[in-house]
Structure formats: C-alpha cells, structure tokens
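Undergrad: For the record, the sequence lines run as chains A and B. Using the numbering used here, you'd call the opening residue of the first sequence number 230 and step up by one each time. Using the numbering used here, you'd call the opening residue of the second sequence number 50 and step up by one each time.
Think of the hints as simulated: they come from the structure by calculation, not from any bench. Values in this document were obtained by computation on a predicted structure and should not be read as measured data. Mixed in with the good hints there might be a few duds.
Restraint ranges, calculated between C-beta atoms of paired labels, are given here [to be verified]: (1) A:Lys-389 x B:Glu-305: 38 to 46 angstroms; (2) A:Ala-387 x B:Glu-203: 41 to 49 angstroms; (3) A:Lys-389 x B:Ser-115: 38 to 46 angstroms; (4) B:Gly-225 x A:Arg-358: 45 to 53 angstroms; (5) B:Asp-195 x A:Thr-239: 36 to 44 angstroms.
Straight-line distance between alpha carbons at most 30 angstroms, and here's what the computed BS3-like set of lysine-lysine pairs gives [unchecked claim]: (6) A:Lys-389 x A:Lys-287; (7) A:Lys-321 x A:Lys-287; (8) A:Lys-287 x B:Lys-255; (9) B:Lys-291 x B:Lys-236; (10) B:Lys-110 x A:Lys-287; (11) B:Lys-291 x B:Lys-234; (12) B:Lys-236 x A:Lys-287; (13) B:Lys-234 x A:Lys-376; (14) B:Lys-110 x A:Lys-233; (15) A:Lys-389 x A:Lys-376; (16) A:Lys-376 x B:Lys-236; (17) A:Lys-376 x A:Lys-287; (18) A:Lys-287 x A:Lys-233; (19) A:Lys-321 x A:Lys-233; (20) A:Lys-321 x A:Lys-376; (21) B:Lys-291 x B:Lys-255.
All C-beta atoms in this analysis are idealised placements derived from N, C-alpha and C, irrespective of residue type, glycine included.
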Amino acid sequence: MSNKMHITLTVNGEEHEFLAEPRELLIYTLRERLNITGPHIGCETSHCGACTVTLNGKSVKACTMFIAQANGAQVTTIEGIGSPDNLHVLQKSFREHHGLQCGYCTPGMITRASKLLEENPNPTEEEVRFGMAGNMCRCTGYQNIVKSILAAAGELNAAKEAAE
Amino acid sequence: MIPAPFDYHRPSDMQGVLALLQEHGDEARVIAGGHSLIPMMKLRMADVPHLIDLQAIDSLKGISISGTRVTLGAMVTQHDIISHAGLAQIAPILRETSLQIADPQVRYMGTVGGNVANGDPGNDMPGLMQCLDATLHLIGPDGTRDVPAREYYEAAYVTARADDEVLTAISFDAVGGGYAYEKQKRKIGDYATAAAAVTIQASGGKVAQASIAMTNLSDTPVWSEAAGAALIGSDCGADAVKAAVAAMLEDIEPTEDNRGPVAFKRHVAGVILTRAITRAWSRA
C-alpha cells in the first residue's frame, strides 16, 4: 500500500520537505527521518511527556500526532531552544539547580517549561507543578525541576526588566 | 507502536467531510484532537482506513456567548476553554472541569467535541453537558439536527450520532448560581474513579434548582433527576445531601475494574458527590 503524502514541516526554523506515510508519528519523523534526537521516546503512549515539542505554539506530545496532521506546521524542539554553546536560561537553571539526574526527561521538561513561562512568566510553585503535570521524571522527585523553573522565571523577568 | 496504514484527508469545509463519510462509510472516521483515537489506532484496536481530519474546518472553532446562551464549536480545545475569560465568567464550571482533564499537553489538543461525541464513559464533558442540559448539534447527509445531551448516550461508545453524522457544536444556557466539578482520579491523566458535576440555584436560603450528573460510574454518564430533586426546597444541609447521594447511588451501576471493586466505587461516588454539592452550595 503506497499512500505516501508530500509533507512540509518547519523544524527549528528550517523547512523540510519529504514523502511520508500519513501514519508516521511525528516523534519518528523528528528522530529518525530528520535526525533531531532531542525529543525522546519514553512511554510512547502520551503519558510521560519525554517527546514534548512545541507545535504551532502548543506543547504537544509528538508520539500522539501523525505526520499528516502536522503537515504544514511549525515545530520547535529542544535543539531550537538552546545549543551547547548558547544554553537557554532554563537549561542553565536546570544545570545550576540539579534539575536532572539521568537527563532522559529533560528535553521534554525544558521544552514544556519554555512554553509555560511564555504563557505565565510569573508562576507560583503550584502553577509550575500543575503546568508541568504532563511530564514525568523518575529520578529527581520533581523538587529540583520546580526549583529550576522558578529560578529561570526569576532570571528571565530580571533580564526583561533590565532591558526596559 | 505503529498503526495500520490509512489514507488521510483534510477537507476545508463541512461539505467535504460529509462527502468523504458518504463515500467511505464505516471505513472512515473523523479526527479532532486525536487523543482518544490515536492511542486506539496505535494499539490497533481501532482500524480507520480513511482518517478525516477536522483541523481545517474553521466553522467548528470558536466560543460564542450571546446573552446567557453559550455555544462551543466542536473543535474548541480544553486549553481554549481554560483560557477564555468570558466563558470563565459566565460558566465557570467549564473551566473547572477542563482543568481536571488529562494534562497540559493533552489539553492543547483535546477538544470538547471529541470528548462529548466519543461516548467514552470515562470522559468528563458528557456528564457536565448533561448537568447543564446542553444541546448537541449534529450535521449529516440529511441536514442538521439537535440532540439533548441527556438523550445522546446509549451505552459505552454507542450514541445517538449516526456514523455519517458529525458533531458540530454544543450549546447551553449558563444558569448562574453555584457550581462544582469534583473528580477523584488515581493520578494525572487518569479517568475518574468518580466525578460529579453539580449546579445549584439558591433563593431565600433554600435550593431553588439543582442539577447533578456523574461520570464513569455506569456505561454512560448519569444525570439523576431524583438526586437534584432531593435538594430542591431544602437548606442543603446534611440530611438533604445524604438524600441526594442515596438517590444517585440508586441510579449508577459501576463495574469492577482497575480503579476498584463496585463497593469502593459506590463509596467514592458518595464522597465525591457530597464534596461537589457542598462546594456548589457554598458558591450558590
């Protein structure tokens, strides 16, 4: 059965065009077709959040979206948020505050946290926990993840104030 | 987890959707947010040779409020509901319910239409829409028709919607007064062990009107006329609440599953309904 579709997908500002079966899941497109391996496969059942990307301004689980649905979309992954030479404030904050141990959930955590802080730049601890509830971590117990996000929010706000 | 192959369609208007449903019959299904259907397709428990994506149909999007009448397009997401200031003001029980559904990522994708139309007993919006006496607007090859939410659900995944019909919108009158959506779940992302939607209007310190529905305690949502009636005219004190809970327990038929045995579910139903009534009354 050959029913491949012509797909256009913009990932981290770069446009990609290719043929794919509609049933291909976005997470496989990113990891295996485009070699963008920041988003991870954890549970593959839309529970763990390791595959979280930003798609057209929404945090979504890339394991629960067919590439056909994402056709034409703008996607941002952890690779589009920071780089080893130029870490995002959230990435620095996770390092500073031990917001990770094994690191497997971290790309999804930071991608989700970046959207959370965009929508709510001054979250309370409770709002951070609620807003991060779609991302699971089996190492940290979440305490330092929450600490990292709150610290990053403070830094981003201070930088914004300094700029104004 | 790779689903069976399918052909993908993204029509730009409702005529296109209906034409595809006519052409492919039971080989076709519409997809909204996909967070019920995609997991089923990945498990190969749902086989959908023709997937019709509703994302490009603008007429299914948007929340409109005209006086006290609220209309939600079927493609309105849980996130849209949570973020809509006007809706939070006129019908805050919507936001309170949406916040208890799944997790943030799922709420960006999951739609009110999918939640209502699917007929999954675990979904939260069906019970809420029964509580609010909402009307479901369907379109099919013979035109449009309206079905009351209280008459839509027949059994698990069996509803009044025909295979060639699509839910386009849900509307209801925002009645004001006290409200609560109370849900017991084992963890974030889980369906309810028991959940209750309650609205109460007060007059002179007494309950003037009450509407009560519960979720995931039968193979359909359960709107209990008797439970609401047990509160009407009372001061919503302990005896009235007990009577309402007793009436509801007559109407539900929970089954044992991994959320617990029947006796436990009935116990939780009573606890959750008591909390919901108490909270709704405190806001009435």
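Undergrad: Against which earlier hints does the structure fall short, listed by number upward?
TA: Going through the list in order, the structure violates hints 1, 2, 4, 8, 19 and respects the others.
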